[in-house]
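The listed protein sequences correspond, in order, to chains Z and R.
Residue numbers 1 to 260, in the numbering used here, belong to the letters of the first sequence in order.
Residue numbers 1 to 385, in the numbering used here, belong to the letters of the second sequence in order.
I should point out that these hints are in silico values taken from the structure, not numbers from a laboratory.
Since no wrong hints were added, every one of them can be taken at face value.
Straight-line Cα separation of at most 30 Å, DSBU-like style, residue types lysine-lysine; simulated pairs:
(1) R:K43 <-> Z:K31
(2) Z:K199 <-> R:K43
(3) Z:K27 <-> R:K266
(4) R:K43 <-> Z:K81
(5) Z:K197 <-> Z:K107
(6) R:K266 <-> Z:K31
(7) Z:K146 <-> R:K43
(8) Z:K197 <-> R:K43
(9) Z:K81 <-> Z:K197
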Amino acid sequence: MNIVVCVKQIPDPAEPGALDPNTKTLKRDGKLILDESDSYGVEMALQLADAAGGGEVTLVSMAPNSETSGLRTALAMGAAKSVLVSDPALSGTDALGTAKILAAAIKRVEGADLILTATESSDGYTGTVPEQIAELLGLPSITFAKSIAIDGGTVKVQRQTEAGYDECEAPLPAVVSVTAGVVEPRYPSFKGIMAAKSKPVDEVDCAALGIDPGSVGWAGGGQEIVTVEAAPAREAGEVVEDDGTGFEKIVAFLDNLKVI
Amino acid sequence: MQFTEEHDLFRRTVRDFVEREINPYADEWERQGIFPAHELFPKLGALGVLGLEYDPAYGGQGADHLYTVIYGEEMGRCTTGGVAMAVSVQTDMATPALARFGSHELKERYLAPAIRGDMVAAIAVTEPDAGSDVAGLRTRAVRDGDEWVINGTKLYITNGTQADWLCLLARTSDEGGYRGMSQIVVPTDTPGFAVSRKLDKLGQRSSDTAELSFVDMRVPVANTIGEIGQGFQQQMAQFQNERLIASYMATGQMVVAIERTIDYLKQRQAFGRPLLDNQYLAFSMAEVLAEVELLRHYNYACADAIVSGADPITVTKMASIAKLKAGRLNRVVADTCIQFHGGIGYMEETWTARFFRDSRLLSIGGGTDEVMLRILTGLEGWGKL
Ligand SMILES: Cc1cc2nc3c(=O)[nH]c(=O)nc-3n(C[C@H](O)[C@H](O)[C@H](O)COP(=O)(O)OP(=O)(O)OC[C@H]3O[C@@H](n4cnc5c(N)ncnc54)[C@H](O)[C@@H]3O)c2cc1C
Chain Z
1 MNIVVCVKQI PDPAEPGALD PNTKTLKRDG KLILDESDSY GVEMALQLAD AAGGGEVTLV
61 SMAPNSETSG LRTALAMGAA KSVLVSDPAL SGTDALGTAK ILAAAIKRVE GADLILTATE
121 SSDGYTGTVP EQIAELLGLP SITFAKSIAI DGGTVKVQRQ TEAGYDECEA PLPAVVSVTA
181 GVVEPRYPSF KGIMAAKSKP VDEVDCAALG IDPGSVGWAG GGQEIVTVEA APAREAGEVV
241 EDDGTGFEKI VAFLDNLKVI
Chain R
1 MQFTEEHDLF RRTVRDFVER EINPYADEWE RQGIFPAHEL FPKLGALGVL GLEYDPAYGG
61 QGADHLYTVI YGEEMGRCTT GGVAMAVSVQ TDMATPALAR FGSHELKERY LAPAIRGDMV
121 AAIAVTEPDA GSDVAGLRTR AVRDGDEWVI NGTKLYITNG TQADWLCLLA RTSDEGGYRG
181 MSQIVVPTDT PGFAVSRKLD KLGQRSSDTA ELSFVDMRVP VANTIGEIGQ GFQQQMAQFQ
241 NERLIASYMA TGQMVVAIER TIDYLKQRQA FGRPLLDNQY LAFSMAEVLA EVELLRHYNY
301 ACADAIVSGA DPITVTKMAS IAKLKAGRLN RVVADTCIQF HGGIGYMEET WTARFFRDSR
361 LLSIGGGTDE VMLRILTGLE GWGKL
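The shape of chain R in the complex, shown without the other chains:
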């Protein structure tokens, strides 16, 4: 895989943007438990970041997937993980299905403004009684003429308090299980929509997470993304984008965490010498660096698979492996960084504390580690799960 001069320039743009437009506000947004998506997203939209691989007909850039890798790695350098996550919800979690399966009218109305950053999007799949087991979801859309009448609850929805529209997964027939679900674009100004709670979290605190409730909410059937009844399958495809971007971002995050920890170990003295002169500490850091490098190159292999148009099974397998390993490794790296900082690493004033909290999410959100293992065992055809 080859990065061109244009890829390098784009990397610099995203890096500078993160450094100047996001990181200086990280502490403030963490304290507030939210960041101003409607201010930040138009700036990212103007740079083309919110629609990299999308069709230029809707304001997208028509870029190759390597630009998504770069954008992910560089967003990982945000000193508040919540903002990176929220932006990636917009780009790779809430919009891919619309871009892939949506009608022209739906894309003009909702995808184009999301690419510009004028509209904030959220992905609404998880419910109080259905997380890992997506097939168990209960939110129901019942057809009444040209409209869906939607009732239900969604939980842990990123961007939930700020979103202008949701990519909602709901049950649209009584078939049960994986059948009879549809993806529907739901504008949040629809009567019957309510943010019932803004949730307080361990980490990712600059990102707003909400519980949403829908009571007799009426949305045009024309807002259905793709085919009625294909929602589960379309969402499974959309999950692959989500898992890949998560792995790209985690890699960027971990590279910075290792650099910052090495800087500290060089400067902190104990027993008459810099900490880094202890072979145990240096070797441990080299070990995590090696793991991150392996992940980075696995990410690149995933990107190659996407660029060369690999089949969905291959992509699913690779995205699941990347996400699983990224989640696990993020926890090891965050733990190592905090451990080698000693007491100051445990202090809220040190970046390690936030990183430790933020990094814990990756093994849960976007499908847990166990769900990734379940997918892999399923693909391998091992045992009865």
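Bound conformation, chain Z alone:
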């Protein structure tokens, strides 16, 4: 069972983020970490490989500046190796461009039975890349997995919905996006961290993937962020003084909002 997990390295959400005034996108020049929403896919992949009694988990990531610290975290969790697409031309790549790059990188991994992704990244939130990858690779796509099982050549997925879950199946290979929070990602242990040091990171650029740099990055973007507006400040709330009938006012207020 060979599984590819697409992972993104993002600025640490614990640090205050900032927008680049020129490009109106998130500044990414500081230290990057593994996107937490990808840690669920990594954990799921490790569990599936374990359950299958073998196979490798390979990471695929794209970063403009050869950043690997987020990859090291996932390697320390237990992934075997990774492909990192790094090229200055990638700066500013939009969702479709990202999917093209990742799809090309996934093709470099031999014998991938399953491709896992998060449902969306925590710093970009387009939530479209997994389906685009599937389309570009000509593979079936199942989204919002809460659990995944492999049965022969078939992937069986419980797909989270608002009401409960759907049971979906697809022939392998397939692309499945994993909902955040559905498994408990393991902590990288000391041993895992040391082992990750010597795990291979296959760094490639656009040329190596046969992708025209002009078709990705700012140049290839099908869209542009024209302006960014601050969210309107929250309006002052309404204070209800409780003179013994406060609950009536609250009920009336909620009734008015049609929430009860």
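Once you have looked at the hints, place chain R with the ligand on chain Z.
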């Protein structure tokens, strides 16, 4: 001193662990006056945290001392000091002598499971009549063939109600003073062992502290750690690990306390502006931050000394200075944080109240401030003490 990418990743592991596996349960464990060591320790063991510098032959990681610094700083972020203390008893107070001086069999039996987290360890030195003056201890082990017969009492023993084994310091001859003591591994399922009291404390309430009694307890002489009669000297060496980890943890604790207090001062308004806009408050916080930074870098100097294999006298001196200053500074920082929170800082619902109580221990446990001063004056050769 240089932290590598691996050190940073390890820091993140410990930080995440504290945030997810310890802090959510802090209030519950404080209320209960105990935390489930037998549940928590195996999880820490699986991450390698309980045997960082120990020999891989016993499940240790063979890591450099900087990993211990990081582990200490990050454990300091526990919102209940008792758990951090209890874990550090396992890693740096009850096991270093066994790892350093113990026989292969003893290490296989007691060190390896402690590193895995399957066994909980405690350090039993203090007695009702011997705390600072370790040489005054009375617990006695009398040899009977291949066994020690042990009688005595130990007091204020961290992990005392949960421990599977003790690193016990006992008198094994009549020489008196610093001579004639030995360190013995005592399994707590030995007949004659009893937890006579679980003690109620000002702070560190998530950690269980006990009075233990030993009546004709029989333990194999083979359980002696290192050389018979060298217990005091071995324990003095073990104390250096204890004092260093205490200083590393205190630094982590104080960094968080300062961050949290600054957050509050930014948000709390008085006289029409945030409290932090008062120069007096901001300067006072900057002052304690400066002190904590000095301590942090002194800790790093201690770590450098350990890594470069400094002689025991140097290590003793540095560990004593770090512990002394950490204890004193912890009290200042806790007091400052509570003061600048005002009334809410005094409320049990605010973290400052627990921190204030927890932080008071450091100047007492592991050798008091006065004992640190005594060691330093002794090393300097000043006066007759
Ligand atoms: C929460 C907690 C957990 C603990 N955990 C453990 C544990 O796990 N294992 C263990 O063995 N012990 C443990 N201890 C015990 C601790 O190490 C001792 O309390 C400490 O060493 C002080 O000893 P004492 O209490 O006997 O005080 P004393 O020695 O009686 O000291 C009383 C006061 O006199 C001062 N003093 C003593 N001698 C001198 C001197 N020559 N010059 C100047 N001043 C002096 C001391 O500094 C102190 O201020 C713990 C204590 C506490 C409170």
